[in-house]
Amino acid sequence: MSSQAVSTRYTYFPGCSADGVGRAFTESLYAVFEHLGYGLDELEDWNCCGATAWPSVDQDQAHALSARNLAIAEDHQPGADPVDVLASCTGCYRALLKAQEALGTAGPTQVKLGRALAAIGLDSEGRARVRHPVDILLNEIGLDRIRDAVVRPLTGVKVASYYGCQLIRPFSTFDDQYDPTSMDRLVEAVGAEPVDWPLKTRCCGGSCYCGGPVIGAMPEATMQLSYALLREAAKRDADVIVTICPLCQFNLEGFQDRMSKRFGHPMDMSSGFVTQLMGIAMGIDERQLGIHRLLRWRLPVAPAPEPAAVGAAAAEGGDDA
Amino acid sequence: MGALAQTLEAPTQAPTLEPISPPAHKPVTGKRKKWRPVKDQSKFEAQLDPGFAAEIAEEVEDGELLHQCIQCGTCSSVCPVSAYMDLTPRRLIAMTRAGARDDVLHSMTPWVCVSCYACTVECPKRIPITEIMHAMRRISLREKTYPRRFTTPVMTKEFVDMIEDRGRSTESWISMKLYLKTNPGLLLKNAKLATRLFRQGRIGVKRASIRHRKDLRTLLKAVSS
Numbered sequence: 000m001s002s003q004a005v006s007t008r009y010t011y012f013p014g015c016s017a018d019g020v021g022r023a024f025t026e027s028l029y030a031v032f033e034h035l036g037y038g039l040d041e042l043e044d045w046n047c048c049g050a051t052a053w054p055s056v057d058q059d060q061a062h063a064l065s066a067r068n069l070a071i072a073e074d075h076q077p078g079a080d081p082v083d084v085l086a087s088c089t090g091c092y093r094a095l096l097k098a099q100e101a102l103g104t105a106g107p108t109q110v111k112l113g114r115a116l117a118a119i120g121l122d123s124e125g126r127a128r129v130r131h132p133v134d135i136l137l138n139e140i141g142l143d144r145i146r147d148a149v150v151r152p153l154t155g156v157k158v159a160s161y162y163g164c165q166l167i168r169p170f171s172t173f174d175d176q177y178d179p180t181s182m183d184r185l186v187e188a189v190g191a192e193p194v195d196w197p198l199k200t201r202c203c204g205g206s207c208y209c210g211g212p213v214i215g216a217m218p219e220a221t222m223q224l225s226y227a228l229l230r231e232a233a234k235r236d237a238d239v240i241v242t243i244c245p246l247c248q249f250n251l252e253g254f255q256d257r258m259s260k261r262f263g264h265p266m267d268m269s270s271g272f273v274t275q276l277m278g279i280a281m282g283i284d285e286r287q288l289g290i291h292r293l294l295r296w297r298l299p300v301a302p303a304p305e306p307a308a309v310g311a312a313a314a315e316g317g318d319d320a
Numbered sequence: 000m001g002a003l004a005q006t007l008e009a010p011t012q013a014p015t016l017e018p019i020s021p022p023a024h025k026p027v028t029g030k031r032k033k034w035r036p037v038k039d040q041s042k043f044e045a046q047l048d049p050g051f052a053a054e055i056a057e058e059v060e061d062g063e064l065l066h067q068c069i070q071c072g073t074c075s076s077v078c079p080v081s082a083y084m085d086l087t088p089r090r091l092i093a094m095t096r097a098g099a100r101d102d103v104l105h106s107m108t109p110w111v112c113v114s115c116y117a118c119t120v121e122c123p124k125r126i127p128i129t130e131i132m133h134a135m136r137r138i139s140l141r142e143k144t145y146p147r148r149f150t151t152p153v154m155t156k157e158f159v160d161m162i163e164d165r166g167r168s169t170e171s172w173i174s175m176k177l178y179l180k181t182n183p184g185l186l187l188k189n190a191k192l193a194t195r196l197f198r199q200g201r202i203g204v205k206r207a208s209i210r211h212r213k214d215l216r217t218l219l220k221a222v223s224s
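Same order as they appear, the protein sequences are chains A and B. If you read the first sequence in numbering that gives the first Met the number 0, its first letter stands for residue 0, the second for the next number, and so on. If you read the second sequence in numbering that gives the first Met the number 0, its first letter stands for residue 0, the second for the next number, and so on.
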């Protein structure tokens, strides 16, 4: 438990997906941060980051969309430097980071963005700093504090962490680009066992592009790519795949029935968010974590948080392995 | 001499030539969709546009690195969706440098790209390939050479229209519009899943919107003027 109450509050940019189909991510983030003694304030009147669709139409407009969000964040904290803006969805994270770069680099784009922001009565001094919640959990809050908050260690639960595309590419701000370990460290801190999984940064399929749960774009490609990920995780005895991207999470859990039919191999892999896993270990109510919003979620841990029950579940998990 | 004569000696036994049997055909389960290949490839030098590579390079930050491509094929091998492209990224870059403007802009490749940046990270010459794909999309949208019935251009337009109007995207609406415009059959196919998501409160019917919608329009106009 976090005995010393820290009154650090962060500005949080949920983005359309973490506010819609990945709603559980936002809910569990709020719950975990609150539990650790940190607060999140939703960015006021945030707008879409432009995803990867807007750069396909107009790059400057895409930057302007994200720049508006950053300017609003700066506007609400006049004295602070830097203003940390947390973006949970990896697509939003990448789009906002690019805008931050464009705003901070002298050039014609910076002038254009400044003029556009001035037209709506905003300005950016480049104080906003885009960060990912995993970065905050790892480097600001720290693993020690997280370990202290665990009341129900997830001993014996094998977890495959999936990082997706845009968290660490094209450049990474807080983790290794080829073999990221930030989520694995979080998973380890709550007592679970991270699985060595080589596909952790491989693309999960069509949704990366689409900005929504649209398997309609390239159904075949999406199926093949997520199938490879799920099979590999199953092969390595993972009980659950955790991720930090609302689109990846949905993509991995939503189409397993169809994959079973298509590839003739029964698929049943739990898929959720890393913050949900952490929340469960911290003894936070499942409803608060949005577990009921997942299509598949089965942890080999007994429901009651009594130490004896956890021990029994751990023994069971060990037998399976 | 003797050794040579030995090797030149006629074999005592005629070699038995077994016909190489083709590998056993494995039927692919399910329907396999073929992507439309580029139909009219440039065949004459007069069809090429030598300024095309420079045009693309100007659109993208660090785009001039494009001229340094060594055609190693790393981009095509790490690309998770290159199997679904009509031109692989390596080929696309080569054609861009050759000036095959029409072929490149009519290609499906930029629209199949999932923007995962694997190629950008792995490229030994640090060519921003994903950004180049985006630039190609921009040009093909401007010049209306994009594949009309393909989902991603339709999706992009719908998405942009929705954000321009409301400031946020609503997944249910955008999926619905996309299905109606490209493949209405998917509406039925995905109905069950959509119902489940709706019950879980993950998708809604109400369209999300920001408060200052006018501001957003002013902003977008101001930046492109």
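Hints are supplied without guarantee of correctness; some may be wrong.
[Unchecked claim] Chain B regions said to be covered by chain A (calculated; three or more residues, Cβ under 8 Å):
no., stretch
1, 110-118
2, 205-217
[Stated by the list, open to error] Chain A residues, not near chain B, derived (Cβ > 10 Å throughout):
no., residue
3, Tyr29
4, Asp80
5, Asp174
Hints were generated in silico from the structure; no laboratory data involved. Note that CB positions come from ideal geometry on N, CA and C, so glycine has one too.
For each hint, the structure was consulted:
1. 110-118: Result for this restraint: holds, n = 7.
2. 205-217: As far as the stretch 205-217 of chain B goes, the hint holds, because 7 residues have Cβ atoms under 8 Å from chain A.
3. Tyr29: Holds: least Cβ distance 16 Å, greater than 10 Å.
4. Asp80: Answer for A/Asp80: holds, closest chain B Cβ roughly 24 Å.
5. Asp174: holds, 13 Å
Consistency with the previously given hints is maintained throughout, with no hint failing.
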